[in-house]
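One gets the numbering used here by counting positions in the sequence shown from 1 and adding 1309 to each.
Bear in mind the hints are in silico, worked out from the structure with no lab data behind them. Warning: the hint list may mix true and false statements.
[What the hints assert, rightly or not] Simulated pairs of lysine to any residue, SDA-like, Cα-Cα distance not exceeding 20 Å:
1) K1446 with K1508
2) K1346 with P1372
3) K1346 with S1375
4) K1402 with L1377
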Amino acid sequence: MNSVRRHAKPLVFCLSAMVLLTAAGVLGSADNEDLLKQAQAQYERHNYKTVVTLADKVLAASPPESLLRAAQRLRALGLSRQRTATGYEYVEKIMSEHAPFKEDAELWMAMGADQENHWPRKKAFDAYKKAGELFEKGEKHDAAAEAFHKAVEMLRNDYGILPQPAAQQKEGKPWTWPEQRLQSLQEIIRLCEHVATLKVSDETKARALHVAAQQACSQGEWDLAERGIALYRRIVKEFPKTPQAPNA
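Start from the sequences, fold in the hints, and give me the full structure.
Put into structure tokens, the structure is as follows:
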């Protein structure tokens, strides 16, 4: 009997310790979930530094996979929206570690914002364009339109973003500034016309077409100006009640 008692005490102690550890783990998980909820709320309030601080607390606790990825995502969003250029690098890092992040349109949108004020604008352009494609794929057309609009804005600020066509590069032909500008203008028009095909408001469609028309008509070249005039006429015909119509 004494032998049983001697063995029972350590067993009870071990079981108690296991219960305490499990309880601590559950409480820790609950605390981390609460921190992530706080981080999300702060992100929606645009308090991006606080978002990063809260996400870092979760990451420091070595959380389980689901909480780890959620914390990484919020940290990436918070860093990127501060536009210090460190956010872009962090998003690249977590995308390389977790493939589903590569299909996250909001992360790409944040990457674009992070690089928006940094020269050259190619990284911002590529990120915004990718965000638009992913938003459209997810049937989030308003968000897609905004992302494409931001991509167009990057092109308008830097006509040298787009690469030389592969065929021309292969032939060793020079990539002149007029050619770069023309290709960028054509891409601006293409993206704006694409926005007009999305399931968005008439005003959003008209705004996109108006940007394209302005760009086409401002270059002093007849072929482009003719295309711009056609876009202005389209606005008046298809979207007569929008604010852009009287200016078309």
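Now the hints, each set against the structure:
Of the pairs offered as hints, the one joining K1446 and K1508 holds, with about 12 Å between alpha carbons and a cut-off of 20 Å not exceeded. Pair hint K1346 plus P1372 holds up; C-alpha atoms about 15 Å apart against a cutoff of 20 Å. About 14 Å separates the Cα atoms of K1346 and S1375, which keeps this hinted pair within 20 Å; it holds. The straight-line distance between the Cα atoms of K1402 and L1377 is roughly 14 Å, inside the 20 Å bound, and the hint therefore holds.
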